[in-house]
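**Q** The residues making up each chain are set out below.
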Amino acid sequence: MDVSGSGGRSSHDNGDACAGRWKSYINRQLGFSFMAPGEVKTDVGNFRGAIAGPRQTIVYRSVEDNIEYKVTVMSFLQAQAEGATLLGERQYMFQDRKTVLMDTFSRVGSGKDAVYGRKIVVDLPDNKGRTTGVFYFTKGRLISVRRPCFRPTAVLPRPTLTVSSIPSRSSFPTQSRVPSNSKPPSSNRIPFAD
Amino acid sequence: MAAWRGYISHPLGFSFSAPGELKVEKGTYRGALAGARDTLVYSFVDDDIEYKVVVIDMSDKANDAATLLGEAEYIFQEDKKVLMDTFGRVDRQFGRKLTIDLSNNAGRATAAFYFINGRIISLQATILPATEITIPRRRRGSSTRSHSSRCRAPDDAIELPAPPK
Numbered sequence: 001m002d003v004s005g006s007g008g009r010s011s012h013d014n015g016d017a018c019a020g021r022w023k024s025y026i027n028r029q030l031g032f033s034f035m036a037p038g039e040v041k042t043d044v045g046n047f048r049g050a051i052a053g054p055r056q057t058i059v060y061r062s063v064e065d066n067i068e069y070k071v072t073v074m075s076f077l078q079a080q081a082e083g084a085t086l087l088g089e090r091q092y093m094f095q096d097r098k099t100v101l102m103d104t105f106s107r108v109g110s111g112k113d114a115v116y117g118r119k120i121v122v123d124l125p126d127n128k129g130r131t132t133g134v135f136y137f138t139k140g141r142l143i144s145v146r147r148p149c150f151r152p153t154a155v156l157p158r159p160t161l162t163v164s165s166i167p168s169r170s171s172f173p174t175q176s177r178v179p180s181n182s183k184p185p186s187s188n189r190i191p192f193a194d
Numbered sequence: 001m002a003a004w005r006g007y008i009s010h011p012l013g014f015s016f017s018a019p020g021e022l023k024v025e026k027g028t029y030r031g032a033l034a035g036a037r038d039t040l041v042y043s044f045v046d047d048d049i050e051y052k053v054v055v056i057d058m059s060d061k062a063n064d065a066a067t068l069l070g071e072a073e074y075i076f077q078e079d080k081k082v083l084m085d086t087f088g089r090v091d092r093q094f095g096r097k098l099t100i101d102l103s104n105n106a107g108r109a110t111a112a113f114y115f116i117n118g119r120i121i122s123l124q125a126t127i128l129p130a131t132e133i134t135i136p137r138r139r140r141g142s143s144t145r146s147h148s149s150r151c152r153a154p155d156d157a158i159e160l161p162a163p164p165k
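For the record, the sequence lines run as chains S and C. Just so we're aligned: 35 in this note's numbering is position 35 of the first sequence, and the numbers increase by one with no gaps anywhere. Just so we're aligned: 54 in this note's numbering is position 54 of the second sequence, and the numbers increase by one with no gaps anywhere.
Everything labelled a hint here was simulated from the structure, so no lab data went into it. Since the structure is predicted, the reported quantities are computational estimates derived from the model, not experimental observations. Keep in mind that a hint or two might mislead.
Derived lysine-lysine pairs resembling BS3-like cross-links, with alpha carbons at most 25 Å apart [said to hold, decoys possible]:
id	chain 1	residue 1	chain 2	residue 2
1	S	K41	S	K112
2	C	K97	C	K80
3	C	K97	C	K61
4	S	K139	C	K23
5	C	K97	C	K26
6	C	K26	C	K61
7	C	K97	S	K98
8	C	K61	C	K81
9	C	K61	S	K112
10	C	K81	C	K23
11	S	K112	C	K80
12	S	K128	S	K41
Which stretches of chain C does chain S cover? Using the computed rule of at least three CB atoms under 8 Å from a CB of chain S, they are [said to hold, decoys possible]:
id	segment
13	13-24
14	61-67
15	91-97
Computed list of chain S residues with no C-beta within reach of chain C, every gap over 10 Å [said to hold, decoys possible]:
id	residue
16	I26
17	G38
18	T57
19	Q91
20	K128
21	G129
Even for Gly, the Cβ is constructed at its ideal location relative to N, Cα and C.
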């Protein structure tokens with residue numbers, strides 16, 4: 001599942017000077033890939049939800065232009081049938097007590113390979129910026145892609161890519177699944193956090 | 001207006017309230033990911049409002065719960081005018097609530113979607129076009145019940161009948 005479009009990469013970035021700095025990253029074991037600018041650092045973190053309970057997370061982080069791009073993965077292999085509620089709780093916590101600017105369907109892939117999630121844009125409290133979050137639950141893992149804007153002077157976030165809103169099925173851009181036996185050009189294997 | 005009554009299904013793990021006479025029907029559902037599915041529909045009509053509880057068995061694909069639920073929500077609002085799309089929560093179950101205007105002035109529908117015990121449970125209320133829409137009516141007292149959580153069904157809730165063979 002390529003969640004790159006859901007993340008922070010702007011459609012305006014395509015073809016501009018920044019585009020060259022974006023790289024593909026893939027984690028075959030976790031079954032997803034994404035694109036991010038600059039160097040990606042892997043870390044572990046923690047998450048706690050009333051339903052999810054305490055969870056260790058794997059965090060892939062990249063910073064460019066004062067913008068932090070973050071992909072967080074949580075494993076719920078033993079609770080896959082609870083995926084809808086776990087995903088809902090994660091989305092709810094993301095927007096809780098914030099001003100929600102957008103909350104819409106998000107989808108990666110199509111047909112039988114589609115993965116449905118949600119894309120939410122919020123204003124952080126105390127003028128701390130604007131954050132886009134995209135959330136999916138697939139194959140027992142909750143994947144969230146976040147791109148906070150830390151610049152208080154930022155007027156608008158860069159428009160996020162492709163898999164965001166779904167005006168109609170026909171116009172929905174297809175994000176292709178990463179073939180199991182190949183990787184995209186210049187893609188980098190992302191390490192596991194132990 | 002008919003009186004509202006509580007209904008409960010212990011095997012399916014949910015309860016709700018609805019007015020009028022209960023009808024149990026079978027229906028169909030199709031999604032690209034879910035495939036073709038039979039559905040169990042509990043329906044009521046009162047005061048030109050149609051109330052439906054649709055149960056879709058997804059137990060063979062329960063590990064895809066989040067995406068199956070997302071697909072059902074998406075299909076419900078596809079090509080419709082969305083008036084509301086927000087979190088829905090009953091006890092420990094997170095779902096979504098959507099209100100849409102149906103195509104061709106066919107009325108307005110509100111639906112809540114949950115994934116419980118391997119099934120999509122959708123509680124829907126459709127205001128038929130004959131009704132003048134002022135403020136969208138809300139379903140009253142609809143709730144889901146999971147066996148592990150507190151039951152909010154009224155004490156005199158009626159056990160839902162088994163689906164027709």
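**Q** Please name the hints from earlier in the document that this structure breaks, with their numbers sorted from lowest to highest.
**A** 1, 4, 8, 10, 13, 19
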